[in-house]
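My request is simple: use the sequences and hints to build the entire structure.
Protein chains in written order, with this note's numbering: chain V, 1 to 202; chain P, 203 to 404.
Some hints could be false.
Just a few of them, taken from the derived set where beta-carbon distance is under 7 Å, the chain V residues facing chain P [claimed, not checked]: (1) R17; (2) V18; (3) A20; (4) A21; (5) V49; (6) E52; (7) L53; (8) F56; (9) M58; (10) F63; (11) E94; (12) L176.
To be clear, the hints were calculated from the coordinates, so they are not data collected in a lab.
We put the CB at the ideal spot given by N, CA and C, even for glycine.
The residues making up each chain are set out below.
There are 2 protein chains.
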Amino acid sequence: MNENQPTREKLFSVSHRVDAAQRTRRNRHRGGILWLTGLSASGKSTLAVELELALFGMGCQVFMLDGDNVRHGLSADLGFSPADRAENIRRVGEVAALFAEAGTIVIAAFISPYRTDRDRIRARHPDYFHEIYLDAPIEVCERRDPKGLYRQARAGSLKEFTGVSAPYEPPFSPHLTIHTGAQTVDQSVKSLIDYVERRLRT
Amino acid sequence: MNENQPTREKLFSVSHRVDAAQRTRRNRHRGGILWLTGLSASGKSTLAVELELALFGMGCQVFMLDGDNVRHGLSADLGFSPADRAENIRRVGEVAALFAEAGTIVIAAFISPYRTDRDRIRARHPDYFHEIYLDAPIEVCERRDPKGLYRQARAGSLKEFTGVSAPYEPPFSPHLTIHTGAQTVDQSVKSLIDYVERRLRT
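Spelled out as structure tokens, the structure:
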């Protein structure tokens, strides 16, 4: 699409781009989005970091997206209203799809509490999107409460906190569920690696 | 940053992420943004596609961003007003920086006519941003006019067309200038590859 109007700018003869098959041959895995969804303190960031390290060690092209590298940059213009949260998740989904197109396994770690937001990404990028539900009972998450967020939410000083004063809508049919309340980190990472080996390795 | 409030969510002990040095060792090049700016028909898309193919062939991790893969997805909510164009370029800059952080050489091909938009990316990501000016006289671009856009702009049916009815602000001090009005595509691609070898290869 040309920036001046919605047509593709082509000069001379434009060769085709590097395609997905070439990238897959090089990397020995397909690109894809591992979308980790779950309550605060369900283990998203921990597992994402450990999985990134493990996959990198296996020779994969891998990158992690989370609030840390998105909220200060791409979504710096967004706040925490419901509409802004939805827009944040939409953008992350689109960026993740660009990484997948580039052949990367992108690990997206976001609470992303609403089915409609996650399903929109799935609908737009069905070949890339893998929904991975980190299923931990809220009691476990609340007991962990590494930052005291649940405590603040119960006290009413944190508004619209997922699981306390705002809903979390679990996936109806996730590609993978990990019971992070019962499993250790190592067991959980192993489940994720097994999934990658089955679904993304070539 | 946690999605529920602006603090980092940490569970158990979170290991460090895969860092830039590890990615550079693996890829044998640093990540970076090759930002191609220039008039419509100055050769941005052509050079971006050819450069992507060439760098991929050399074993680099490389990906191209342009209107085609950004305007339909990440920036699908944006129109072509001045504010929306600026926001589009801002987002592209942030996404490009994420790719660079992932160790990729990202080629961004956008007219990006305003210095202030480009300088903002440079200021935010000085270690990644390489401004490459495709300098072709407007007479040459207008003679090429592969899509008849200049003709429409002159006739007044395309409003605010860069170089005709809207300004193009050339970079004051680009990292590299390519005279795409005088050089062949092959010569231009060679200049770009030489630049990558000097600046991003390790």
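Hints, one by one, checked against the model:
1. Among the interface hints, the one on V:R17 holds; its C-beta lies about 6 Å from the nearest C-beta in chain P, closer than the 7 Å criterion.
2. This hint holds: V:V18 has a C-beta 5 Å from the nearest C-beta of chain P, less than the 7 Å allowed.
3. The closest approach between the C-beta of V:A20 and any C-beta of chain P is roughly 12 Å, which is over the 7 Å cut-off, so the hint fails.
4. Because the beta carbon of V:A21 sits about 12 Å from the nearest beta carbon in chain P, more than 7 Å, this interface hint is broken.
5. With a least beta-carbon distance of about 5 Å to chain P, the hint placing V:V49 at the interface is held under the 7 Å criterion.
6. Here the hint on V:E52 is kept, as its CB sits about 6 Å from the closest CB of chain P, short of 7 Å.
7. Interface hint at V:L53: satisfied, since its Cβ lies 6 Å from the closest Cβ of chain P, which is below the 7 Å cut-off.
8. For V:F56, the shortest C-beta to C-beta distance to chain P is roughly 5 Å, which falls under 7 Å, so the interface hint holds.
9. Given the 7 Å rule on beta carbons, the hint for V:M58 is violated: about 12 Å separates it from the nearest Cβ of chain P.
10. Hint status for V:F63: holds, given a least beta-carbon distance of 4 Å to chain P, under 7 Å.
11. With 7 Å as the threshold, the beta carbon of V:E94 comes within range of chain P, its nearest partner Cβ sitting at about 4 Å, so the hint holds.
12. Interface hint status for V:L176: violated, as the beta-carbon distance to the closest one in chain P is roughly 19 Å, over 7 Å.
In the structure shown, a violation is registered for the earlier hints numbered 3, 4, 9 and 12, in ascending order.
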